[in-house]
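Undergrad: The primary structure of each chain is shown beneath.
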Amino acid sequence: MKKIILFLPLITILIVSSFLLIFLLQKKDPNKPPSALLNENLPEFKIINLFDQTQVLTNSDIKEKIVLINFFASWCAPCKLEHPLFFDIKKQHPNLYLFGIGHKDKVIDALKYLNRDGNPYDYVGIDNTGLIGLDFGVFGLPETFLINSSGKIVYKYLGPLTKKIIKNEIQPLIQ
Amino acid sequence: MKFNLLFNKPSFLLVLSILFFTLLINNVNANIEDNLKKITLKLRCMTCQNQTIYDSEADFSLDIKKIVIQKLQNNETEKEIINFLIQRYGEYIVFEPQMNKQNIFLWFFPFVIMALSLVFLILRIKKN
Chain A
54 MKKIILFLPL
64 ITILIVSSFL
74 LIFLLQKKDP
84 NKPPSALLNE
94 NLPEFKIINL
104 FDQTQVLTNS
114 DIKEKIVLIN
124 FFASWCAPCK
134 LEHPLFFDIK
144 KQHPNLYLFG
154 IGHKDKVIDA
164 LKYLNRDGNP
174 YDYVGIDNTG
184 LIGLDFGVFG
194 LPETFLINSS
204 GKIVYKYLGP
214 LTKKIIKNEI
224 QPLIQ
Chain B
858 MKFNLLFNKP
868 SFLLVLSILF
878 FTLLINNVNA
888 NIEDNLKKIT
898 LKLRCMTCQN
908 QTIYDSEADF
918 SLDIKKIVIQ
928 KLQNNETEKE
938 IINFLIQRYG
948 EYIVFEPQMN
958 KQNIFLWFFP
968 FVIMALSLVF
978 LILRIKKN
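Chains A and B supply the protein sequences, listed in that same order. Just so we're on the same page, this note's numbering is the position in the first sequence counted from 1, plus 53. Just so we're on the same page, this note's numbering is the position in the second sequence counted from 1, plus 857.
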């Protein structure tokens, strides 16, 4: 009995450390840190339309809509991989507002890209300085955010979307 | 003649003010550079492998450096700048965990363990 008491602090430390380690390693990929904006309100933004630079979109324009925001660029190879999937999402969910943001891209290059590969978005904004991306905490492309009708960010994905991710993670939040 | 021209009153004052402002600007720039280094050494480059923003030349790090310089020029404090970045990128962007409710266990657990061990040690010594 005395021997067990002697080892009690060590046993306690080992148990607590094991629980901490399990908690820390749970579903955590260091390359994909969680978004600080998850479950927060959509940041205030004002973005110029890629096709008509006299037109501007702000938060109030997408109020009460379910919005899928996709940060892309013509120079981003993984963006090309997920691009066709946005046509499928739009087909399956016509009420979903698809909002593309050309991040750190030249207007002419973004236009060429969408003319060549098609434009699945309801609105395409251009963020050539990257400042809007900064407000969304964007640090790699592509990044996709789902906004609910209350204007809260309910989902964020870093990297190219796949059919599986759309089916398992995005669609349940849209329906 | 040249000497007189340079040191007549208006010219002398002009040269003096230019010199003063050059020194002032250099001093401000040096301060900004020092603060930039101090802040960016605490920040993690999110697109690199365990590198500080100060050491990194990645696009992301260059953007953050630009923002930090802009904010320093607007006289924002180190705390304000770091909070601005945490709000957008989360605590992952700083190497040192923040002192807040969520991290209180992380900060104080080693001290709790140390105190418990000390108590245990004292009791053992007393017993012996």
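Hint data in this document are derived by calculation from the structure and do not stem from the laboratory. Because the structure is a prediction, the values reported are computed rather than measured. Careful, some of the hints might be misleading.
Said to hold, decoys possible - SDA-like, lysine to any residue: derived pairs with alpha carbons at most 25 Å apart:
id, chain 1, residue 1, chain 2, residue 2
1, A, K99, B, K899
2, B, K936, A, K133
3, B, K928, A, S71
4, B, K899, A, L61
5, A, K209, B, F941
6, A, K209, B, D920
7, B, K923, A, K133
8, A, K205, B, L929
9, B, K923, A, L61
10, A, K157, B, K958
11, B, K899, A, L91
12, B, K983, A, L61
13, A, K205, B, P967
14, A, K159, B, K899
15, A, K209, B, N940
16, A, K56, B, D916
17, B, K922, A, A89
18, B, K958, A, L61
19, A, K99, B, Q927
20, A, K56, B, Y911
21, B, K983, A, L63
22, B, K936, A, E93
23, A, K157, B, Y911
24, B, K936, A, L187
25, A, K133, B, K983
26, B, K899, A, L78
27, B, K928, A, G186
28, B, K936, A, K56
29, B, K928, A, L78
30, A, K157, B, D916
31, A, K205, B, L973
32, B, K958, A, H146
33, A, K133, B, F917
34, A, K159, B, K895
35, B, K958, A, L78
36, A, K157, B, L973
37, B, K895, A, A89
38, A, K56, B, I943
Undergrad: For each hint, tell me whether it holds in the structure or not.
TA: Each hint, compared with the structure:
no., hint, verdict
1, A:K99 to B:K899, "violated (31 Å)"
2, B:K936 to A:K133, "violated (39 Å)"
3, B:K928 to A:S71, "violated (42 Å)"
4, B:K899 to A:L61, "violated (38 Å)"
5, A:K209 to B:F941, "holds (20 Å)"
6, A:K209 to B:D920, "holds (22 Å)"
7, B:K923 to A:K133, "violated (29 Å)"
8, A:K205 to B:L929, "violated (31 Å)"
9, B:K923 to A:L61, "violated (53 Å)"
10, A:K157 to B:K958, "violated (36 Å)"
11, B:K899 to A:L91, "holds (24 Å)"
12, B:K983 to A:L61, "holds (18 Å)"
13, A:K205 to B:P967, "violated (37 Å)"
14, A:K159 to B:K899, "violated (32 Å)"
15, A:K209 to B:N940, "holds (21 Å)"
16, A:K56 to B:D916, "violated (58 Å)"
17, B:K922 to A:A89, "holds (20 Å)"
18, B:K958 to A:L61, "violated (28 Å)"
19, A:K99 to B:Q927, "holds (20 Å)"
20, A:K56 to B:Y911, "violated (52 Å)"
21, B:K983 to A:L63, "holds (20 Å)"
22, B:K936 to A:E93, "holds (22 Å)"
23, A:K157 to B:Y911, "holds (22 Å)"
24, B:K936 to A:L187, "holds (18 Å)"
25, A:K133 to B:K983, "violated (72 Å)"
26, B:K899 to A:L78, "holds (23 Å)"
27, B:K928 to A:G186, "holds (17 Å)"
28, B:K936 to A:K56, "violated (50 Å)"
29, B:K928 to A:L78, "violated (35 Å)"
30, A:K157 to B:D916, "holds (11 Å)"
31, A:K205 to B:L973, "violated (44 Å)"
32, B:K958 to A:H146, "violated (41 Å)"
33, A:K133 to B:F917, "holds (21 Å)"
34, A:K159 to B:K895, "violated (33 Å)"
35, B:K958 to A:L78, "holds (21 Å)"
36, A:K157 to B:L973, "violated (54 Å)"
37, B:K895 to A:A89, "holds (23 Å)"
38, A:K56 to B:I943, "violated (48 Å)"
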